[in-house]
Amino acid sequence: MSVQAVEARAPAKAATDAVAQPVESIFIANLRDFRRNRLAVASVAMVGLFALMAIFAPYLAPHDPYASDLFRRLQPPAWLDGGEWAYPMGCDGLGRDILSRAIYGARVSMTIGVAVMMVAAMAGMIAGLAAGYLRGWTDIAISRVVDVLLGFPYLILAIGLMAAMGPGLGNIVLALAIKEWVLPCRVARAETLAAREMEYVEAARALGASRLHIMLREILPNILSPLIVVCTMRMAWIIIMEASLSFLGLGVQPPVPSWGSMVADGRQFLIGAWWVSTLPGVMILLLVLAINLASQGLRDAFDPRMRT
Amino acid sequence: MTAALQEARPLVAVRGLHKHYDLRRGLRRLVDRPAQHTVRALDGVTLDIRRGETLGVIGESGCGKSTLGRTVLRLLEPTSGSVAFDGVELSTLDPAAMTVMRRHMQIIFQDPYASLNPRRTVEQIVGLGIAIHARNTAHETRERVADMLQRVGLSPAHMRRYPHQFSGGQRQRIGIARALVVKPQFVVCDEPVSALDVSIQAQILALLAELKRELGLTYLFISHDLAVVGHVSDRVAVMYLGQVVELGPARALLKSPAHPYTQALLAAVPRVEAGGGERQRLQGDVPSPLRPPSGCRFHTRCPHAMAKCSAIAPTPVMVAPGHAVACHLHEGAPA
Amino acid sequence: MSDPALLAIRGLRTWFTTRQGVVKAVDGVDLDVLPGECLGVVGESGSGKTATFLSVLGLVKPPGRIEAGQIIFGGRDLAQLPAAELRALRGRDIAITMQDALTALNPALTVGEQIVETIRAHDRGVAGPAAARARAVELLRLVGMPEPERRLGDYPHQFSGGMRQRVMITIALSCRPKLLIADEPTTALDVTIQAQVLDLIATMRRQLGMSVVLISHNLGVVAEYCDRVALMYAGQVVESGPTRAVIAAPRHPYTQGLLRSMPLLSDPDRPIRPIAGQVPDLIDLPEECRFLPRCPHAADACRHDIRLLPAGAGRWARCVRIAA
Chain A
1 MSVQAVEARA
11 PAKAATDAVA
21 QPVESIFIAN
31 LRDFRRNRLA
41 VASVAMVGLF
51 ALMAIFAPYL
61 APHDPYASDL
71 FRRLQPPAWL
81 DGGEWAYPMG
91 CDGLGRDILS
101 RAIYGARVSM
111 TIGVAVMMVA
121 AMAGMIAGLA
131 AGYLRGWTDI
141 AISRVVDVLL
151 GFPYLILAIG
161 LMAAMGPGLG
171 NIVLALAIKE
181 WVLPCRVARA
191 ETLAAREMEY
201 VEAARALGAS
211 RLHIMLREIL
221 PNILSPLIVV
231 CTMRMAWIII
241 MEASLSFLGL
251 GVQPPVPSWG
261 SMVADGRQFL
271 IGAWWVSTLP
281 GVMILLLVLA
291 INLASQGLRD
301 AFDPRMRT
Chain B
1 MTAALQEARP
11 LVAVRGLHKH
21 YDLRRGLRRL
31 VDRPAQHTVR
41 ALDGVTLDIR
51 RGETLGVIGE
61 SGCGKSTLGR
71 TVLRLLEPTS
81 GSVAFDGVEL
91 STLDPAAMTV
101 MRRHMQIIFQ
111 DPYASLNPRR
121 TVEQIVGLGI
131 AIHARNTAHE
141 TRERVADMLQ
151 RVGLSPAHMR
161 RYPHQFSGGQ
171 RQRIGIARAL
181 VVKPQFVVCD
191 EPVSALDVSI
201 QAQILALLAE
211 LKRELGLTYL
221 FISHDLAVVG
231 HVSDRVAVMY
241 LGQVVELGPA
251 RALLKSPAHP
261 YTQALLAAVP
271 RVEAGGGERQ
281 RLQGDVPSPL
291 RPPSGCRFHT
301 RCPHAMAKCS
311 AIAPTPVMVA
321 PGHAVACHLH
331 EGAPA
Chain C
1 MSDPALLAIR
11 GLRTWFTTRQ
21 GVVKAVDGVD
31 LDVLPGECLG
41 VVGESGSGKT
51 ATFLSVLGLV
61 KPPGRIEAGQ
71 IIFGGRDLAQ
81 LPAAELRALR
91 GRDIAITMQD
101 ALTALNPALT
111 VGEQIVETIR
121 AHDRGVAGPA
131 AARARAVELL
141 RLVGMPEPER
151 RLGDYPHQFS
161 GGMRQRVMIT
171 IALSCRPKLL
181 IADEPTTALD
191 VTIQAQVLDL
201 IATMRRQLGM
211 SVVLISHNLG
221 VVAEYCDRVA
231 LMYAGQVVES
241 GPTRAVIAAP
251 RHPYTQGLLR
261 SMPLLSDPDR
271 PIRPIAGQVP
281 DLIDLPEECR
291 FLPRCPHAAD
301 ACRHDIRLLP
311 AGAGRWARCV
321 RIAA
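Chains as they are written, first to last, in the numbering used here: chain A, 1 to 308; chain B, 1 to 335; chain C, 1 to 324.
No lab work stands behind these hints, which were simulated from the structure alone.
All C-beta atoms in this analysis are idealised placements derived from N, C-alpha and C, irrespective of residue type, glycine included.
It is possible that part of the hints are untrue.
[What the hints assert, rightly or not] Pair ranges (Cβ atoms, derived):
1. A:A45 / B:L93: 56 to 62 Å
2. C:R176 / B:Q36: 41 to 47 Å
3. C:E147 / B:K308: 28 to 34 Å
4. A:W137 / C:L109: 41 to 47 Å
5. C:R206 / B:S256: 29 to 35 Å
6. C:R273 / B:E89: 38 to 44 Å
[What the hints assert, rightly or not] Computed list of lysine to any residue pairs in SDA-like fashion (alpha-carbon distance at most 25 Å, straight line):
7. B:K212 / C:S261
8. C:K61 / A:N37
9. B:K212 / C:P274
10. C:K61 / C:T187
11. B:K212 / C:L264
12. B:K183 / A:G208
13. B:K212 / B:T99
14. B:K212 / C:P271
15. B:K255 / C:R273
16. B:K255 / C:D269
17. B:K255 / C:P271
18. B:K255 / C:P268
19. B:K183 / A:H213
20. B:K212 / A:G208
21. B:K255 / C:N218
22. B:K255 / C:A248
23. B:K212 / C:D269
24. B:K255 / C:R244
25. B:K255 / C:S266
26. B:K183 / A:R211
27. B:K212 / C:P268
28. B:K255 / C:R270
29. B:K212 / C:R273
30. B:K212 / C:S266
31. B:K212 / C:R270
Make the full structure from the sequences, and use the hints.
Written out as structure tokens, the structure is:
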């Protein structure tokens with residue numbers, strides 16, 4: 001019954017020009033829609049809290065995350081027998097404060113999540129734009145590389161790369177980004193293919209606009225929203241991947257605290273001292289959940305198919 | 001529309017223009033035979049567009065009229081044939097020279113929504129041509145944009161707004177401003193009023209006529225609406241399956257159409273002023289441009305089809321001064 | 001409006017509540033459809049012509065709601081009818097064809113399945129699937145579909161635009177409705193195909209003796225195929241009457257302006273005069289003539305609520321100048 005929808009929308013559209021209204025881009029309107037979604041706003045706030053935690057870790061952590069105290073080995077959380085409020089979440093196998101280490105662990109997760117996403121988004125966006133707009137051999141070459149990368153299982157590829165390159169923050173970013181750019185690239189290419197057929201692109205060509213202008217000024221602003229949505233959604237996945245690599249001992253090396261390696265450390269004590277693995281696990285869960293909810297809110301507000 | 005005004009050199013000379021699309025992808029190019037997978041959107045179009053005239057192009061969907069407009073502007077590369085603009089053969093121009101040339105030839109689109117970038121302000125949209133073709137300061141650009149907006153009936157205060165804040169008719173005005181701000185000589189109007197309501201349609205037609213008069217423009221006016229084409233055009237070309245089947249002075253062509261297709265097209269238009277009554281109706285659909293009929297392409301639907309129509313493609317003949325038709329019925333007719 | 005009408009709409013108001021305010025898409029529409037006639041409903045986008053007839057069928061979707069008015073059909077008020085009874089009525093007594101046949105047909109079912117389904121849903125007289133199928137073939141032949149037996153197994157996308165409209169009409173006619181609402185049946189079609197489809201609707205109307213409401217933005221289409229015409233503007237009927245009479249001597253300034261703004265094929269040199277301005281915003285409309293801001297005859301008398309007034313034989317117009 002699309003007819004009715006059209007009729008219903010038409011007056012609303014007429015409304016916007018009859019009333020003198022402030023200059024407003026679609027982006028601003030999208031943001032306003034996003035702000036209406038309380039769950040999404042709460043999720044963004046949650047992600048923000050994690051970011052603040054990462055940045056201000058030295059001020060927030062009650063103890064030195066590296067200081068081990070063998071007398072406090074596997075000390076339980078404060079509310080259990082043998083616990084004390086100075087170490088609210090208890091201590092790990094080397095007697096280090098779990099809360100402090102979990103707070104510091106946010107640094108690794110957030111840094112890697114943001115770094116991989118930035119690298120992948122930039123690379124994918126440029127490759128996708130070029131493939132989608134230039135077509136021809138550029139498209140064939142980029143699309144083949146994408147197909148091949150998609151064929152590799154993610155974790156196996158990352159494990160192999162980490163094993164070859166050795167540990168280190170930069171190497172983790174590289175090992176994850178090398179496949180991660182594929183997704184933004186595919187989204188950017190598909191959106192570009194749709195946008196390049198629009199008459200406004202043809203109008204720019206008719207005026208003699210350069211290919212660079214058309215790609216960056218005419219098309220890019222129109223594909224940015226779906227790209228942002230996809231990238232935030234993938235950020236949750238990247239954080240899980242980093243945790244997985246660290247869990248396997250291929251990520252950030254000890255003694256630097258990472259949620260993944262903390263979970264791994266606690267594995268051997270799981271029966272007697274469950275708290276060692278639990279808090280970092282909950283941290284991963286909360287951050288990933290918050291990012292996912294936020295990205296869903298973004299999608300609802302920004303997806304062009306939901307808005308005309 | 002007198003013969004005395006006819007010049008030696010037309011503004012745009014289109015000669016034997018072909019635009020074919022190969023639908024085979026990748027390896028299928030090696031396997032499939034080309035003939036069955038080629039869409040002949042334009043199949044040998046020859047016509048002149050005279051300085052200062054409006055040449056109307058009518059035809060049904062798929063007849064190639066939009067492809068013609070885009071190929072003439074070299075927004076699409078022709079498969080073969082030539083387009084000369086003011087004596088300059090466009091296919092010989094390198095990209096830089098072509099960019100310079102684009103200032104003189106512009107296009108106005110059908111869809112007032114798809115033709116304006118939703119993420120750019122009116123100032124950016126209309127100012128683009130100035131940014132490309134003139135080395136102006138931001139202040140000068142803004143003044144020219146404001147000037148142009150006023151000319152198309154909008155207010156300079158609209159400059160900072162985005163397209164979604166305008167109605168269909170206003171958007172079409174923005175599209176017109178974008179095309180005309182570079183002071184072109186020649187404008188392709190591709191169904192410029194088809195998406196608009198009747199009362200708004202008349203506003204835009206009046207604006208286009210006024211701008212043509214003031215700026216001395218030449219239009220290639222593409223439309224499926226015969227009444228609109230008849231109203232705006234000096235001459236009309238009728239297209240069917242990638243070919244021009246009839247071309248002549250607008251009044252004469254609409255009053256006494258020579259080609260059976262033109263006759264059927266005119267008979268099919270519902271008219272406010274007509275008294276009803278039985279009229280000749282075309283049967284069937286337009287054949288697929290993938291497999292155009294042999295000989296005269298219209299013979300499958302033509303009420304006057306003869307044996308030779310399916311065998312031999314007719315060549316255009318003059319039925320009156322400046323009125324050409326490609327139909328076997330008129331062969332041997334006095335010019 | 002005293003004839004025994006097949007469908008009588010009285011004071012219909014269908015409003016859409018949106019974030020910006022209440023959009024009065026249909027705001028006080030009075031319309032009659034007489035038995036066996038073809039009524040043309042003409043209006044520009046946003047005039048409420050489609051919303052009016054979606055209201056008749058009970059197909060208005062939220063946030064749209066029928067706020068007031070009566071829709072009398074067969075002695076019953078459709079505006080008050082329970083949803084189940086309306087559903088039974090749709091397709092059987094009143095059928096609708098949509099503008100966009102490609103999206104209105106289900107792409108996953110063959111055309112045959114969709115026709116048979118409609119027949120069996122409404123017509124208990126048809127015994128089994130075989131009988132329904134035979135009926136479908138017969139109907140497709142009736143609407144001029146070549147090789148109907150073979151094409152029953154085809155999917156909607158395998159048909160051309162004109163043939164898809166024929167399929168829609170077949171489905172609409174499958175239960176011999178008393179009233180067919182054709183919503184812009186030819187807007188997406190080329191002129192030669194448009195003529196075929198409109199001829200078909202006219203023929204079927206004569207053969208089945210049904211009434212047809214032809215919704216269109218094209219006054220020419222209505223002039224050629226409809227006995228009577230109703231012009232809508234901003235959610236109201238502004239003029240109605242016998243088509244010839246209305247076109248020959250329009251009484252409402254909007255109709256007059258519309259006719260003057262159309263280029264005529266028979267007289268290409270006739271100057272066209274646009275109606276100035278734009279369709280008003282349908283939110284928070286003042287209680288006055290809707291055409292006032294664009295009307296060349298605007299006067300102080302126009303600044304209050306104007307009703308449809310009798311304007312000659314079978315004619316009505318919503319303009320104060322009629323009363324004078």
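Okay, the hints, checked on the actual structure:
1. A:A45 / B:L93: 56 to 62 Å: holds (57 Å)
2. C:R176 / B:Q36: 41 to 47 Å: holds (44 Å)
3. C:E147 / B:K308: 28 to 34 Å: holds (29 Å)
4. A:W137 / C:L109: 41 to 47 Å: holds (42 Å)
5. C:R206 / B:S256: 29 to 35 Å: holds (33 Å)
6. C:R273 / B:E89: 38 to 44 Å: The hinted range 38 to 44 Å holds for R273 of chain C and E89 of chain B, with Cβ atoms some 43 Å apart.
7. B:K212 / C:S261: Holds, at roughly 19 Å.
8. C:K61 / A:N37: holds (23 Å)
9. B:K212 / C:P274: holds (18 Å)
10. C:K61 / C:T187: holds (23 Å)
11. B:K212 / C:L264: With a Cα-Cα distance of about 21 Å, the restraint between K212 of chain B and L264 of chain C holds, given a limit of 25 Å.
12. B:K183 / A:G208: holds (14 Å)
13. B:K212 / B:T99: holds (23 Å)
14. B:K212 / C:P271: holds (16 Å)
15. B:K255 / C:R273: Roughly 23 Å separates the two Cα atoms, so the pair holds.
16. B:K255 / C:D269: Cα-Cα ~12 Å, so holds.
17. B:K255 / C:P271: holds (18 Å)
18. B:K255 / C:P268: At roughly 10 Å apart (the allowed maximum being 25 Å), P268 of chain C and K255 of chain B satisfy the hint.
19. B:K183 / A:H213: holds (21 Å)
20. B:K212 / A:G208: Status holds; Cα separation ~22 Å.
21. B:K255 / C:N218: holds (22 Å)
22. B:K255 / C:A248: Measuring from Cα to Cα gives roughly 23 Å; hence the hint holds.
23. B:K212 / C:D269: holds (17 Å)
24. B:K255 / C:R244: Measuring from Cα to Cα gives roughly 24 Å; hence the hint holds.
25. B:K255 / C:S266: holds (8 Å)
26. B:K183 / A:R211: holds (23 Å)
27. B:K212 / C:P268: Holds - the C-alpha atoms of P268 of chain C and K212 of chain B are around 18 Å apart, at most 25 Å.
28. B:K255 / C:R270: holds (15 Å)
29. B:K212 / C:R273: Answer holds: K212 of chain B to R273 of chain C is near 17 Å, not above 25 Å.
30. B:K212 / C:S266: Holds, at about 24 Å.
31. B:K212 / C:R270: holds (18 Å)
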